[in-house]
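Participant: Residue strings, one per chain:
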Amino acid sequence: MIPALIALRAIIAREALRFVGQRSRFVAALVRPLLWLIVFAAGFRAALGLSITPPYQTYTTYEVYIVPGLCGMILLFNGMQSSLSLVYDREMGSMRLLLTSPLPRWWLLFCRLLASTAISILQVYAFLAVTALYGIQFSAAGYVALLPALVIAGLMLGALGLALSSTIRQLENFAGVMNFVIFPMFFLSTALYPLWKMAESSELLHDICAVNPFTHAVELIRFALYAQFNGMALLWTTLTGLVLLALAIWGYDPARGMVRRKS
Amino acid sequence: MLRSLPLLSLLVLSEPAMAAEIWVTNEKDDTISVIDIASLEVVRTIPTGERPRGITFSKDFSRVYICASDSDTVQVMDPETGKILHDLPSGEDPEQFVLHPNDRHLYIANEDDAVTTVVDTETRSVIAQINVGIEPEGMAVSPDGKIAITTSETTNMAHWIDTETRQLFANTLVDSRPRHAEFTAGGSELWVSSEIGGTITVFDTGTQTEKGKIEFEVQGVHPDRVQPVGFEFTADEKTAFVALGPSNHVAVVNAETLEVEDYILVGRRVWHMAFSPDKSLLFTTNGVSGDVTVIDVAKREAIKSIKVGRFPWGAALRP
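Top line first, the protein sequences correspond to chains C and G.
Okay, so the first sequence: first residue is 1 according to the working numbering, each after it adds one.
Okay, so the second sequence: first residue is 1 according to the working numbering, each after it adds one.
Quick caveat, the hints were computed from the structure, so don't treat them as lab data.
Quick reminder that beta carbons are idealized off the backbone N, C-alpha and C, glycines included.
Worth double-checking, as some hints may not be accurate.
What the hints assert, rightly or not - Calculated pairs, BS3-like style, for lysine-lysine (alpha carbon to alpha carbon, straight line, at most 25 Å):
#1 G:K213 - G:K238
#2 C:K197 - G:K304
#3 G:K59 - G:K83
#4 C:K197 - G:K83
#5 G:K279 - G:K304
#6 G:K279 - G:K83
Unchecked claim - Which residues of chain C face chain G? A partial, calculated answer using Cβ under 8 Å:
#7 A47
#8 G49
#9 I52
#10 T53
#11 T58
#12 Y62
#13 S94
#14 R96
#15 L97
Take the sequences, apply the hints, and build the full model.
Facilitator: Spelled out as C-alpha cells, the structure:
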C-alpha cells in the first residue's frame, strides 16, 4: 500500500476508534438535534402550515421544515468538535507526531477532514432514522441523493473547523468560537426559518442569511432530501469549502501559518 | 385519403378530451381554472359570470353547469370551447346545486331567497320552487333520484324533498351551519357537514334518523377553526375525506366506524374537493391561499399545491 493511503487509513481508524470509544459523544450528537426537533419545533409547530418555498411542493409543518437544518447542525457541530479535538491533539503533542510524517501536510489535513466528515455523515443518517420513526420520512431517492450533499457540506464545515483550529491556541478559547462562529452561523441561516421569514423582520438579516455559507449547505441538503438539485447552493458550498481548506493548509504550514507565529 | 379525413379530424378533436381534468371555480376572479391531472398544472383559464361557485358536468360531460352567484344565473358552458351556450333561470343567488340522475333536472339552492329551485335544463324553465329554511346551501340527490336534500345554514336543518311531489316530507335538525350533504353510493346513508358545529351528522335514509356523528380535532389548531364543509367518499366507500375549512386540514374518516384516522395538511381554508377518474388523487380547493392541493389517496399525503385563481371554491372532474 502506498504511504498516502496508509496514512489515510490510520487517521480514519484513529477517528473511528475515538468515535467508538466516546459513545456519549455519539448520543450527544443525536440528542441535540432531536431536542430541537421535538421540543423547539413543537413550540413553533405551525399546524396551519408554512408557505410553500422550493423545494417543497405543498404546505409543510415546521417540524418537517427544520429537519434539513438539523442535519446541517450535526455537520456544523461535528466540524467544530473535530477542530476542538485538533486543538486537544496539539496541546497533548499527538498533533506534532502526526505532522512530522514525511507525507505532504495538506494530505494529512485532508485525511483528517475526510475522517471527521465520514463520522458526521453516520450521525446524520442515525438522526434521520430516528426522525423517520418519529413520523417524518423522505423518499428513498432523497436519502440516496443526500449522501453527496452531506459529503460536500460536511467537508466545507469540517474545513471551517480546521481553519479555526489553526488559529486557536488553547482549549479554553473554544468557548469564544462557539459564541462568535457556531451560533451566529446557525441562527443566521435557513436552518431554522425560511428566508422570507427573515425578510419579514429585517432586510439586513435576510441578506446576511443569504450569503451565509451555512445557509447554502443547509439548502443543498434540503433540496437533496427531496431528490432535487440546487446548483447555486452547490457552487457556494464548494467554493467556500475550497477557500476554507486553503486557509487551513496555510494556517498549519509551519513556514507561514498561524502555528509558527504562535508557538 | 378523403375517406380518412373525417377520422383524422375526429382524432385531432378528441385528443384534448383524452386527458382528465379538474375544473375549479374561482369565486373572486370570475374564472374557471382547468388543471390537467397528468401534469398537475393549470392548462386553461376560462372566464365565467360573476362569483362562480357550484360546478357540475352533465352525464356525458358535453356541458358544464356553473352557479354564477352574483349574476343570479346558472351558466351552461361547452367544455370544449369554454363558450357560454346559454343561461338557465335559477332564482336569486344560486350557490350550490345538484344534477338529478335523470340528467335533466337541476336542484339549486338559492342562498338569499330561502328556496330550492328546480330547473329543467332542456326546456330551460323553472318547474318548481320549494320553500326551505333560511340560507339554503348544501344540495344532494339520492342515487335512485327519489329524494333531494337541501341544507339551510341558518335554520340548521336538512330538508328532505320528495322529487315526485316536490314537497318536503321531513326536516331533520343538524349542528350549526350545515354546508354540504352527500348520499353514500348505495343511498342508505346521508351525510351532512356542519361548519360551525364542527361535525358531520350521518342519517339513515329510510327512517331519516340520526345514525351517528363525527367530531374532529386537529392537534395544535383551535377548535373554532375546525369547520367541516365539503367531503367525498373513496371508491370502496370505506373512507371519506372531509375538508375542514380554516384549520387547513383534510380529515380521513373511516366511513364504517365513523372515526377519524388521519389529518392531512393542505392550503388555507379548504372547502371542496374532487377525485381523479380512478380516485387515486384528490384535489382540494383552498380559498384563502388561492391554490388546489393534490392528495395521494392511498398514501394519505399531500403531494403538491397548484396555484389557481383567487378564492377557488368548487371542483369537478372532467374525465
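Participant: Would you mind marking each hint as holding or not holding in the structure?
Facilitator: Outcome of the hint check:
{"no.": "1", "hint": "G:K213 - G:K238", "result": "16 Å, holds"}
{"no.": "2", "hint": "C:K197 - G:K304", "result": "21 Å, holds"}
{"no.": "3", "hint": "G:K59 - G:K83", "result": "19 Å, holds"}
{"no.": "4", "hint": "C:K197 - G:K83", "result": "43 Å, violated"}
{"no.": "5", "hint": "G:K279 - G:K304", "result": "16 Å, holds"}
{"no.": "6", "hint": "G:K279 - G:K83", "result": "28 Å, violated"}
{"no.": "7", "hint": "A47", "result": "3 Å, holds"}
{"no.": "8", "hint": "G49", "result": "5 Å, holds"}
{"no.": "9", "hint": "I52", "result": "6 Å, holds"}
{"no.": "10", "hint": "T53", "result": "12 Å, violated"}
{"no.": "11", "hint": "T58", "result": "4 Å, holds"}
{"no.": "12", "hint": "Y62", "result": "10 Å, violated"}
{"no.": "13", "hint": "S94", "result": "51 Å, violated"}
{"no.": "14", "hint": "R96", "result": "56 Å, violated"}
{"no.": "15", "hint": "L97", "result": "54 Å, violated"}
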